[in-house]
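Peer 1: The listed protein sequences correspond, in order, to chains A and B.
Taken in order, the first sequence gives residues 1 to 109; the numbers are from the working numbering.
Taken in order, the second sequence gives residues 1001 to 1391; the numbers are from the working numbering.
Just so you know, not all the hints are guaranteed correct.
Listed next, the in silico SDA-like pairs over lysine to any residue satisfying Cα-Cα at most 25 Å (straight line) [what the hints assert, rightly or not]:
1) LYS1345(B) x PRO87(A)
2) LYS1206(B) x ALA85(A)
3) LYS12(A) x LYS1345(B)
4) LYS68(A) x CYS45(A)
5) LYS1084(B) x ALA85(A)
6) LYS1345(B) x LEU31(A)
7) LYS1084(B) x HIS1074(B)
8) LYS1084(B) x THR57(A)
9) LYS12(A) x GLN1348(B)
10) LYS54(A) x ASN1169(B)
11) LYS17(A) x ASN1169(B)
12) LYS1206(B) x LEU31(A)
Simulated from the structure, these hints should not be mistaken for lab results.
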Amino acid sequence: MAYFQMSKLALKWVLAKPATSRYPFEPRRALPGSRGTLVFSKDTCVYCTVCAKKCPTGALVVNRAHKKRTIDRLLCITCGYCVEACPKKSLSLGTPHATPAVTKDRESY
Amino acid sequence: MLPAYTVEMVKAGNMPALRACRETSALVTDTSPMPRTIIPFGPQHPVLPEPVHLDLVVEDEKVLEARPSIGFIHRGLEKLVEKKDYVEFVYIAERICGICSFIHGQTYCQAIETIMNIAVPPRALYLRTVWGELSRIHSHLLWLGLMADAVGFESLFMHSWRVRERVLNIIEATTGGRVIFGSCKIGGVRRDIAADAIKQLLVDLKKIEQDTRDITNVFLNDSSVKDRLCGVGVLSRQDAYDLGCVGPVLRASGVAQDMRQLGYAAFKDLDFAPITRTEGDSYARCAVRCQELFQSMEIIRQALAKIPEGEIAVKVTGNPNGEVLARTEQPRGEVAYCLKANGSKNLQRFRVRTPTFANLPAMLKMLPGCDLADVPVLVLTIDPCISCTER
């Protein structure tokens, strides 16, 4: 009896559409609400450095003198602690995930 | 006619002579057993997701003794508590294990909340319960897949992980992460689940339940799976209790102990009973996990039906001061956190006793006397998570 249960399952999936997607030929669609990459908005930032102080991995660095924020995407764990801490709400988490990288560059904003 | 091989040929390692012999050992004229051999198992082995090394002392195909060694992936997470402040440490606690991550974070938060006397809002407690049970479902489905792989049933492995992927999608949509949820914080939770998302979750859960039933029917009834699991690695009720087993290993031997009965989070308001079996073999451990999948789905339904409205977090001020022991039920069993704080923002001492650490003595009890081919199955039945164990 159980033999037919597995056969039934196997037959169902022989005829069904594949459960997997053909990544990287089809890009993965991030689900709404997914914690993806950190998004910076420039106009509201006052360079108070709270986000950099709160960052658990030290991925975010804020230079107040040069008005520059830099992030190491490979260090960022997208925890959202900086987003919660930001007093001016100039940081947010976008749904798309970070793209693959071959060098450890710091992005500047 | 080909000659029979002799013990001398085996001892001398005379491969050309051995290849020229018959393969059937029944016709060997010398009936003395093969000398004792030590076979290294792991730390890299196809059946092991994580590194543990066993020196298996075998005679013929029987295992006489297993000598373990662990310590390949010690990361010093307990020491990090002195460098990261107690709020940031939630992220590290979540990363102790890649599978039961949410419950690690939850246990840490519960411990800090107990020291600091923080009253967590009821809605946050219910959300923690729902996410904790989703984490249990995905962990058990992962284990079922690994078990199917260990017994050589590749298609069943793929089907288990296909269903698990749908659970991960629910987790990603509600918390933002797939295995590192990141939604638990001291004083509550970071995210809420909206009413329409709850409806969608229940619809998805119904489909997942049907798919899971198809898979667990095969695990529990298929003769080829039963052949590999029934009567293998029997652990008596007394042994399981004496060796300090936890979780499904303990419950499969007939001890009805489940830390959720302590009533942490929202469990005090929910109706459930620990799932137990009496056989104590590998099949019983598999059956307990299969039934726990449906139990977790039922708990999620109960929790979402009763979930109260209101705040999801309270503001936390000040530093912890005191000592506490927090216990919760992870998919693999009971986890115990011991925290010592001295009123500064860094904790003084942090110690975790993970379920795999408690179940390793039982694994070493089961291995002697088993067939060499059953070792991967037996190692997997305790659901080893070596990263947790070594922290």
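Peer 1: Would you mind marking each hint as holding or not holding in the structure?
Peer 2: Here is how each hint holds up against the structure:
{"no.": "1", "hint": "LYS1345(B) x PRO87(A)", "verdict": "22 Å, holds"}
{"no.": "2", "hint": "LYS1206(B) x ALA85(A)", "verdict": "38 Å, violated"}
{"no.": "3", "hint": "LYS12(A) x LYS1345(B)", "verdict": "56 Å, violated"}
{"no.": "4", "hint": "LYS68(A) x CYS45(A)", "verdict": "10 Å, holds"}
{"no.": "5", "hint": "LYS1084(B) x ALA85(A)", "verdict": "17 Å, holds"}
{"no.": "6", "hint": "LYS1345(B) x LEU31(A)", "verdict": "36 Å, violated"}
{"no.": "7", "hint": "LYS1084(B) x HIS1074(B)", "verdict": "18 Å, holds"}
{"no.": "8", "hint": "LYS1084(B) x THR57(A)", "verdict": "10 Å, holds"}
{"no.": "9", "hint": "LYS12(A) x GLN1348(B)", "verdict": "56 Å, violated"}
{"no.": "10", "hint": "LYS54(A) x ASN1169(B)", "verdict": "29 Å, violated"}
{"no.": "11", "hint": "LYS17(A) x ASN1169(B)", "verdict": "18 Å, holds"}
{"no.": "12", "hint": "LYS1206(B) x LEU31(A)", "verdict": "20 Å, holds"}
In this structure, the earlier hints numbered 2, 3, 6, 9, 10 are contradicted, and the remaining ones agree with it.
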